[in-house]
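Trainee: What follows is the residue order along each chain.
Number of protein chains: 2
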Amino acid sequence: MFEATKVGRSVSKEDYKAQQEELRTQLLAIQHDLKESRIPVIILVSGVEAAGKGEVINRLNEWLDTRGVQTFAFWNESDEERERPRYWRFWRAMPPRGEISILFGGWYQTPIEHRFNGYCTDAELDGELNRIVDFERMLIQDGALIVKFWFHLSEADQKARLKELSRDDKSRWKMLPDKSKFSEHYATFEQVAERIILHTDRGVSPWYLIEASDRRYRDLTVGKTLLHAIRSRLAEASNGDAANNLVSPDLPGSPSAQITLLDQLDLSLSLPRDQYKTDLKRLQTEINELAWTAYNKKRSTVLMFEGVDAGGKGGAIRRITTAIDARLYRAIPVAAPTDEEKAHHYLWRFWRHIPRAGHITLYDRSWYGRVLVERVEGYASDAEWRRAYSEINRFEEQLVDSGVILLKFWLHISQDEQLKRFKDRESVPYKRYKITEDDWRNREKWPYYKEAVNEMVARTSTRHAAWTLIEGDDKAYARVKVMRTICDTLSESLKGDPIPTAGYVPCGEKRIVGGG
Amino acid sequence: MFEATKVGRSVSKEDYKAQQEELRTQLLAIQHDLKESRIPVIILVSGVEAAGKGEVINRLNEWLDTRGVQTFAFWNESDEERERPRYWRFWRAMPPRGEISILFGGWYQTPIEHRFNGYCTDAELDGELNRIVDFERMLIQDGALIVKFWFHLSEADQKARLKELSRDDKSRWKMLPDKSKFSEHYATFEQVAERIILHTDRGVSPWYLIEASDRRYRDLTVGKTLLHAIRSRLAEASNGDAANNLVSPDLPGSPSAQITLLDQLDLSLSLPRDQYKTDLKRLQTEINELAWTAYNKKRSTVLMFEGVDAGGKGGAIRRITTAIDARLYRAIPVAAPTDEEKAHHYLWRFWRHIPRAGHITLYDRSWYGRVLVERVEGYASDAEWRRAYSEINRFEEQLVDSGVILLKFWLHISQDEQLKRFKDRESVPYKRYKITEDDWRNREKWPYYKEAVNEMVARTSTRHAAWTLIEGDDKAYARVKVMRTICDTLSESLKGDPIPTAGYVPCGEKRIVGGG
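Residue numbers (UniProt numbering), protein chains in the order written: chain A, 1 to 516; chain B, 1 to 516.
Take these hints with a grain of salt, some might be off.
Identical copies look the same in the list; a pair holds intra-copy or inter-copy alike.
As the list claims (entries may be wrong) - Here are the simulated EDC-like pairs of lysine to aspartate or glutamate, each with C-alpha atoms no more than 16 Å apart in a straight line:
1. Lys297 x Glu492
2. Lys35 x Asp339
3. Lys298 x Glu80
4. Lys342 x Asp142
5. Lys420 x Asp474
6. Lys298 x Glu81
Because the hints were derived from the structure by calculation, they are not lab data.
Let's have the full structure, built from the sequences with the hints guiding it.
Mentor: See the structure below:
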């Protein structure tokens with residue numbers, strides 16, 4: 001989930017200077033419109049230790065007109081607060097309509113600390129998170145805009161920051177609670193954070209994950225994200241309709257600030273022809289054996305393929321299906337929905353094909369169409385695709401919790417490679433059926449698709465259902481990577497005890513997902 | 001919560017005959033409109049054992065055009081189902097747009113049984129209920145209408161039904177799982193049911209609690225409720241706006257079918273003058289002592305008064321406040337909100353006055369204004385007051401969980417008594433300020449208010465925050481009952497261990513709500 005906050009984005013001093021002024025002007029202007037609109041805005045500032053949450057809050061107070069902004073820290077509970085129900089302190093911090101409250105940590109602070117310190121179980125944490133979801137929904141239904149920032153640092157960056165802090169700001173350093181813990185248990189903290197963000201990242205109150213290692217990038221991104229969020233909310237209020245959110249906030253302008261996860265893929269990776277042949281043969285044998293093992297152990301598998309047009313999904317799928325016994329798998333090509341499918345919820349047609357115990361379903365395109373083609377082409381409304389992230393996460397959670405082995409592949413190729421393949425398809429008679437007007441049209445929307453893919457991966461790459469990004473310019477390399485990932489995951493998942501113990505047990509129900 | 005399902009409503013054979021025909025005609029007509037509208041309808045049928053769920057489903061199938069209706073029981077899990085994620089079976093049962101699925105138990109069946117049999121904890125149950133809330137919300141956002149029926153019987157009626165069943169329908173009797181358990185542990189079952197209903201009773205998918213002891217009343221009520229729910233949903237779809245739901249379904253016409261909880265209050269109850277004086281004095285002394293005990297034990301109290309205009313709220317409150325040390329309480333008269341209050345969520349102004357540890361707040365009118373005056377006068381939209389029930393339940397839950405002692409009074413008087421008091425107020429100079437045009441206007445809306453009160457009590461009288469209904473025609477009787485209820489509750493709550501152990505501990509946090 002946090003991969004996208006570790007790509008190393010930064011903004012140069014000059015760029016920062018140039019953009020800051022414009023941003024401040026726009027923020028002040030929108031604050032004025034906000035006052036008129038009577039929409040209350042709640043900004044929640046959370047993140048890993050030493051990410052600079054305090055600095056960001058100072059920056060926002062510098063940029064905004066302080067007459068409409070109040071900042072609240074929940075560092076120490078007062079007597080007054082301790083003697084009342086827990087949420088009393090947050091109700092005190094609520095902005096009046098048309099104004100802004102900035103909440104340091106807010107209602108996420110205690111759950112994070114408590115889970116991190118082991119004062120509560122995951123189940124207790126989930127209970128609290130559900131109360132939070134209800135609480136936020138109630139405020140939003142009342143007209144509020146909630147903007148939730150999570151600031152993140154890589155482990156190395158955090159270490160460096162803490163060191164810097166211990167040298168430069170001794171007084172604050174002394175105040176830091178459990179500072180050794182935070183840096184020593186980076187992975188644990190990240191795990192807790194992922195659970196919290198995943199559970200509370202709803203369409204109506206999404207989290208914005210901000211890469212915090214470069215201060216200039218961090219601050220500009222916060223300012224622009226806030227501006228965009230308020231602007232969308234105002235447009236929604238005046239149209240009575242969702243704003244055109246197709247394009248997300250104009251991120252800071254330096255090229256180094258615009259890098260994405262997809263940009264980081266090394267598309268030059270390739271595999272020599274003979275190596276490919278050997279690997280493929282070996283992997284195909286292995287995958288067939290694993291499929292039979294899964295069948296005997298009654299574990300089901302879902303293999304899902306998404307990717308750029310002409311990215312090589314079909315080829316990769318064919319290499320797998322030709323290897324596996326036909327009784328064990330079904331390949332589901334996902335095209336436009338049938339009439340019957342249209343008469344149901346969009347997830348219905350994917351639920352239909354969930355494999356029974358011991359079987360494999362391969363989806364050639366999937367439920368992610370909701371946040372890809374349907375988003376970009378406007379088939380789904382803004383609200384629909386925004387809430388789809390959490391709907392999809394919950395759907396996949398159900399699969400995994402019931403013992404399904406789930407793998408999600410994104411096959412990526414460069415724009416040049418796509419052009420080459422399109423032209424190739426047009427010139428080869430038996431490939432011509434594979435290319436349509438739609439493909440050329442989609443190609444023109446490349447930047448929109450790219451943005452949709454980046455957001456999709458950031459919001460749905462979870463611990464239990466991570467995306468595997470495939471460098472696809474070289475077909476041989478891509479196919480082998482796909483198959484190797486499948487083989488590694490299957491053999492790991494099928495190891496040991498045939499009955500998976502990690503499986504979620506709903507309400508005390510003991511499901512036997514694996515057999516003898 | 002189930003009081004309103006035990007008032008003994010019934011419908012005579014003649015009335016049933018007369019109404020059934022009309023109802024069937026209307027159901028068939030609306031089913032046709034439904035088809036056009038492409039709204040999928042999911043009917044969930046749950047309730048206590050022997051309430052006749054099967055009979056109701058047969059009746060619906062008899063009344064509706066079966067070409068648009070499918071019925072699903074989840075009695076035995078098939079192999080196909082067992083080998084897939086739990087919800088696969090429910091996805092299979094989803095109606096296409098424009099059609100109806102009737103689900104026997106549906107997704108509530110397993111959680112109820114598992115909790116009742118002790119296979120899971122309350123926390124695990126809550127986790128499952130949250131998944132259900134998300135699931136239902138997702139379907140509703142996709143356009144579905146979910147109608148949830150809960151059929152209830154008193155303990156005696158259930159016993160009689162089970163006996164009847166063992167005599168008349170031996171084959172089904174043998175099939176009943178745990179039949180002894182259901183009747184022997186009536187109270188436990190009710191407790192589990194309340195938790196489930198309370199947690200999943202949302203504005204967008206409310207539960208309809210149906211008194212099931214009289215079969216004719218039960219079936220007609222189901223039919224009319226269903227008709228009303230579909231009609232409202234269709235109106236909403238065509239207006240793009242909430243339907244006029246001010247008046248709830250036309251319940252079956254026999255007078256015996258129209259009895260409500262409020263009708264059952266015996267307003268003739270009274271207290272002789274000298275008895276009143278003695279009681280009052282004794283109770284006032286007691287309440288003052290208890291207030292000091294609560295102060296020493298650091299337990300807070302919220303006393304909330306709602307009632308019919310001229311129902312005697314002011315008088316009752318004055319008898320309490322004159323008895324208690326002024327340092328220990330605050331009385332909050334709730335009138336039209338101030339500008340500052342209007343600039344916040346409607347609950348904000350009540351949160352403000354939540355007492356600190358050891359103190360008492362008396363609310364003269366309250367947050368229930370949302371589902372009373374705001375509902376009846378149209379100040380709150382349909383969606384707003386409908387979702388307010390669960391918002392209020394959650395708010396009160398927070399109070400109680402943090403150790404607040406909460407008492408809610410409804411002071412009820414007859415229409416005749418109100419008229420007498422209004423006239424009296426007009427004729428006595430120092431009382432004249434108490435009567436306004438508004439009061440007379442509200443009086444004309446008596447039936448609407450009565451309906452709102454009945455629904456309010458049914459949806460918000462919970463185990464942890466029950467309503468106390470006060471028979472108010474005799475002021476002496478009413479005041480003494482109010483004060484006795486307070487004294488009994490306070491002395492019970494303040495007994496023993498100063499630190500309440502029942503208090504909810506959020507996410508492992510140990511709150512000390514009581515002191516030494």
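Trainee: For every hint, state whether the structure bears it out.
Mentor: Status of each hint after checking the structure:
For the homomeric pair Lys297 and Glu492, the shortest alpha-carbon distance inside one copy (13 Å) is at most 16 Å, but the shortest distance between copies (57 Å) is not. When the C-alpha separation of Lys35 and Asp339 is checked against a cutoff of 16 Å, the pair qualifies only between copies, where the shortest distance is 15 Å, while the shortest distance within a copy is 47 Å. Within a single copy, Lys298 and Glu80 get their C-alpha atoms only as close as 57 Å, which misses the 16 Å cut-off; across copies the closest is 13 Å, which meets it. Taking identical chains as interchangeable, the C-alpha atoms of Lys342 and Asp142 lie at most 16 Å apart only when they sit on different chains, with a minimum of 11 Å there against 33 Å within one chain.
With identical chains, the CA atoms of Lys420 and Asp474 are at most 16 Å apart within one copy only, with a shortest distance of 12 Å there and 91 Å across copies. Taking identical chains as interchangeable, the C-alpha atoms of Lys298 and Glu81 lie at most 16 Å apart only when they sit on different chains, with a minimum of 14 Å there against 54 Å within one chain.
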